[in-house]
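Enquirer: Residue numbers (our numbering), protein chains in the order written: chain P, 120 to 502; chain S, 16 to 324; chain H, 144 to 460.
Note that these hints are calculated values from the structure, not bench results. From a predicted model like this one, the values you see are computed outputs, not experimental measurements. Quick reminder that beta carbons are idealized off the backbone N, C-alpha and C, glycines included. Take these hints with a grain of salt, some might be off.
Some but not every residue of chain S turned toward chain H, in silico, with C-beta under 8 Å [claimed, not checked]:
#1 V162
#2 S165
#3 F166
#4 F174
#5 A292
#6 L300
Derived DSSO-like pairs: lysine-lysine, alpha-carbon spacing no greater than 27 Å straight-line [stated by the list, open to error]:
#7 P:K254 / P:K221
#8 S:K56 / H:K271
#9 H:K271 / P:K221
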Amino acid sequence: MTTEGTVVATLDVPAPESEILRVEDLRTSFFLPIGELEAVRGVSFLLQRGRSLGIVGESGSGKTVLARSIMRLNVGANVKTTGRALFEGRDLLSLDSREMRKLWGSKIAMIFQDPMTSLNPMVKIGRQVTEHLRKHRGVGRQAAKQTALELLNEVRIPEAESRIGRFPHELSGGMRQRVSIASALACEPSLLFADEPTTALDVTVQHQILNLLSREQDQRNMTLVMVTHDLGVVAGRTDDTLVMYAGKVVEKASTIEIFGRTSHPYTEALMRSIPRTTQASHTPLVAITGRPPVATHLPKGCAFSLRCPYAQLKCHEEDPPLTPIGNSGHEAACWFPVGTDANQEAFERNLSDRLPQTLVVADSLIAGKIGQTVGDSPEEGSA
Amino acid sequence: MSESADLGVVGNQPTDDGGSESAGRATRFVGVLKRMPWLTKFCFTWLILLVSAATFADVIPGLHDPDYQGFIFGDGKTNDGPSASHWLGTDNVSRDILARLIYGARVSLIFAFSGVAVGVTVGCILGSISGFLRGFVDTSIMAFVDVMLSFPALVGLLFVTTLLEARGLFVLCAVTAIFIWPRFTRVGRATAITVSGQDFVSAAKAIGTSRRRILLREILPNVFPAVLAFGLVSMAILIILESTLSFLGLGVEIPTASWGGMIAQSRQDLLINVWPAIWPSVTLLMTVYSFNNLVDWLRAQTAVRSAAV
Amino acid sequence: MPKMIASRLLRLVLTLLTVSFATFVMVNVLPGDAINALIPIDAQQDQEFVEQVREEWGLNDPMLVRYGRWLGNAVTGDLGDSIVTGQPVTAEITHRLPITLEIMFVAVGLSLLLAVPVGVFSAYREGKRPDRVISGFAQLGLSMPVFVTGLILIYIFALKLNWFPATGWNRPSNGIGPNLKTVALPAMSLAITEAAVYTRVLRSDMISTLKENYILSARAKGLTDRFVLFRHGLRPSLLTLVTVVGLSVGTLIGGTLVVEFLFAIPGIGRRIFSAIYQRDFMMVQGITVLITAFYVIVNTVVDVAYMVIDPRIRRTN
C-alpha cells in the first residue's frame, strides 16, 4: 500500500480513476549487429477504463512491439524501452520483475496472434486455461477445473467437459483461439491486449472470434487494446483507433472520426486496400506503392513521404508532429492532411509532375467509386 | 596505405569478382582468425603445433628416441623429473616423455584423420545414393547400416584387434573404418534427402538431366559439407577411441608410443611418480578439447552466417 | 501402437540373426583356433585326443551346421557352454549383467540429475556469464576420456583421500553401503562425460523452445520463471535428450567395459574382454547377442518414450 502511495505521489498529475493506461513518449530500440533499430519512436496515448482501442498498421510498423513494450514482454538483452507506461497510475516500465509478474495474467492479459503456436502443444487445455488462476489466486485444483469449464462454455467451446483433458493439436484453429481467450479471461483482467487475434484464422472464423471478444469486453467492462493490420477489424468494433507507421502514431481519433474524416494519407491508403462489398466484383484493390521503410534507414522528414501521393518538398525535409484536426481530439501527423485545400493542391501538383504513386491513386479514382465509398458506413465494408 | 585500403574493401565485399577472389578469401580467412575468442585461438595454435610436431618428429633436433631406455645402458634415470635434457622427465623405464608424447600424437592423429577420411568418403557416396535414389537401394543400404549400428562397435573392435596377430597402425585404422562408416552414411543420407527435395534438384530433373549427373553435380557437393562437419566432430571421438584402445592394451603394439598406452603404463607407479600419467593425460585432454572447441566455434560461425543471409 | 511393437519385434529378430551370424563368421574366419582354448598347447601333441575333443565340441562340422545348431539351442534359451569354464553362458550372464546394469543406471541417473537443472539454467541464461561458464565446463567434460576421468577420480578419492576403494566390487547382498561405495567411482567416471553431453543437448533444445510463442504466452500469464521453465519449457525440449540417453544406454556397454577394466569389476564388459582374450567363442557370441538385443530394445523404449512425451506423435502413429 505504502509503495503504491509513493509511486502515485511522484506523479506530476494524479491519475483519475477513469484513466487506466497512459503511455508517454514510449520508445523501443533493438540493438542488432547491423545497428540500432528503433521500432517504436515516441508513442503517447491515453486510454480510459472500459473503452477499446485499435492499433492499426502494416507489419513492421511497430504495433506489436508497442503492445509488448507496454506489457514488458520484449525478450532478449538487446531491447531497450524508454518513456512511461502508466497502468492505473503505476509505471509498468519501472516495476521490478516480481511486481510485473503479479500484474501479468491477473490484471493485464494478452492474446497472441497465432493460436497454433501460442498454446503449449504438450500441456492439456484445462491446465493452460487456469494455471495462472491457481498461481495468482491460490485456487485449488477442483475449483480451477470448475472455472475452466465455465470459461470454456463462456467462449462457446462445445463439449467443454471432454475438451479439458485434450491437447491443443486436437482442436481447430478457431477453437484454439477461443481457448486462448478463455485463458486470458481467467483472472478477469482489467486490461486485455489482443495482438492480431484473428490473423491466423480462417475468414469465416474471424468474425466469430472478434464478436466474442467484443461481447466479453462489454460484459466485463474490460479495457481492450486490439492490435491489427486490418482496418476492417477495427471498424465498428473499437471506440478509438490509432494508426501507426514506422514506429510513430500518424493519426489517432475515435474510430468513427477515422473513417468519417480520414486525415492522414497513410490511413487513407489503408482504407483503399479494404475490399468492399459495395464495389463491383473484380474491382482491383489498390495496394500502397513501395515498401514500408527499413527502421534502420528511415528517410529524412516524414517516414511516409516516399510512398505518399501528396508528398511535397517540406515532407521530405521535416517530420510533421501530431496536430489536432478539428476539436474532437482527432490528431494527425501530416503537413497536408487529406480533405484540406492544401492537400488537393499538393495532389494536383504531383499529378502534373507524374509522380508514380500519385498516378496510381488517380487511376483508381477514375476506375472505381472510391470517392463515394470512403464516406459510407464502415461496418458493411469490413470483411 | 592504398594497399591496406584495398584489402579493407575486398574484405567487406561478400561477392567478389574472379580475379581477386583468392586474395579476398585469404584476407577474409585472416579476418576470421582475428575474430576468434582467445581460447579458440589457443586451441587452434595447439593443434597446429601438435600436427607439425607429429609430422616433423623425425627431424626435430635434439628430440630423443622415444623407445630408448637409457637406464639399461647406464645413461638415464627412471621416473626422472624435468631436466634440461628431458624437458618433461622420463617414465618408469627411463624413456623421454616428450619424445613419446610427440610420437604418440602421430598415432592418434593418423588414426583420427584416416577414420574421418574413410567415414566422409563412404558417408558422402553411400548416403547420397541412398538418400537420392530411395526405394530398394535405400532400404538395403539402411538395413545394413542399422545392423552395423546395433552391433556393439567397441566389442567388435576388441574382437578383431585381439584376434589379429599383427596389430600395426594400418590394421587398426582399417578395422576402425569398418565400424565408423555407418554413422557417416546416416548423416549423408539425411542431408541427401533434404537436398533432393529442393527446387534446384527438381529443376535439374525437369530439364532432363540424368540421375547420375544430378547425383554427381547437385547432390554430392551439397551433402559433402554436412558430412565433413560431422567428420570434424568425430575427430575428437576418434582420438578418444584410439587412446581408449591403447589404454586397454588393444591399440598399436606395445613399444610404439601412444597416449593411452603411456597412461596405462604409468598407472602402476601412480603413487611414486604421478607425472608420467599427467603429461599424456593433459596432452590428450587438450587435444580433444581443442577439436571440440574449434568445432563449436566453427558451428557458431556458420550459424551466424546463415542467420545473416 | 501394437503395429509398431510388432514391427519392432521383427526388426529385433532380424538384427539378432544378422549380428549373431556375423559374429559367428568373424569367430571362424579370423585366425586363432578354438582348440587352443580347450586344450593346453603342450597337450596338443596327442592328435587322437585333439581329434576327439574337436568331434566332441562339433568343431569339425561345416560352419553353417554349427551356426544352425547354436541358433536352435539359442531359441530355447540355451546359449551354449563356455569353452573355458564349462559353465553355461546364460548362467554367467545372469550372474554378471546386474553388476554392469547397476553401474550404468547409477551413471545415467547421476548424469540426468546434474544435467537437467544445469542445462535448463544454462539455456535460461543464454549468452550470459553462468551459461558461458556451464558451456565451458560441458565442453571440457565432453573432452574427458572415461579412463582419464576414472584415473583422476582414483587418484584423488581412493589413493589420496581414501574415501572409496580404488578397485573391487561388493555385491548388494553384502549391504547397500559397501555396494554403493564400490559403485561410486566407476559410475562417476562415466557420469561426467555423459552429463556434459546431456547438458549440451538439453541446453540447445531448451534455447529453441524458449523462443517459442507459447513460452511468451506462459510468461504473459504471470507464471514464475521456474514454473515456465520446468512445466512449459522442459517437456518440449526433451526429445533429443531422450534419444541421446537411449543411445548412451545402448552404447554405454562399451564405456562400462573401460571402467570395469579400470576398477576391476566383474561385470559383463570385463567378461567379454577376457572371453575374447581366451578365445572363448561361445561366451563372446552369447554376450554380443545380448548386448545387441539390449541396444535394439532400448531404442524401442525410446520410441515409446517419444509418444509419452509428445501427444502429437501419439496421434499420428
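Enquirer: Does A292 of chain S meet its interface restraint, that is, does its C-beta lie within less than 8 Å of any C-beta in chain H?
Expert: holds (7 Å)
Enquirer: Next item in the hint list is F166 of chain S. Is there a CB on chain H closer than 8 Å to its CB?
Expert: Result: holds, 5 Å to nearest chain H Cβ.
Enquirer: Quick one, are K56 of chain S and K271 of chain H close enough, alpha carbons at most 27 Å?
Expert: holds (21 Å)
Enquirer: Taking 8 Å as the limit, does the beta-carbon of V162 of chain S come near enough to a beta-carbon in chain H?
Expert: holds (5 Å)
Enquirer: Is the straight-line distance between the alpha-carbon of K271 of chain H and that of K221 of chain P 27 Å or less?
Expert: This hinted pair holds, its Cα atoms lying about 26 Å apart.
Enquirer: Keeping to a limit of 27 Å between CA atoms, is the pair of K254 of chain P and K221 of chain P held or broken?
Expert: Distance ~10 Å between K254 of chain P and K221 of chain P Cα, so the pair holds.
Enquirer: Closer than 8 Å between Cβ atoms is the bar; does S165 of chain S clear it against chain H? Give me holds or violated.
Expert: holds (5 Å)
Enquirer: Min Cβ distance, L300 of chain S to chain H: is it shorter than 8 Å?
Expert: holds (6 Å)
Enquirer: Have a go at the F174 of chain S hint: is there a Cβ in chain H nearer than 8 Å to its own Cβ?
Expert: Holds. Min distance 5 Å.
When held up to the earlier numbered hints, the structure conflicts with none and fits them all.
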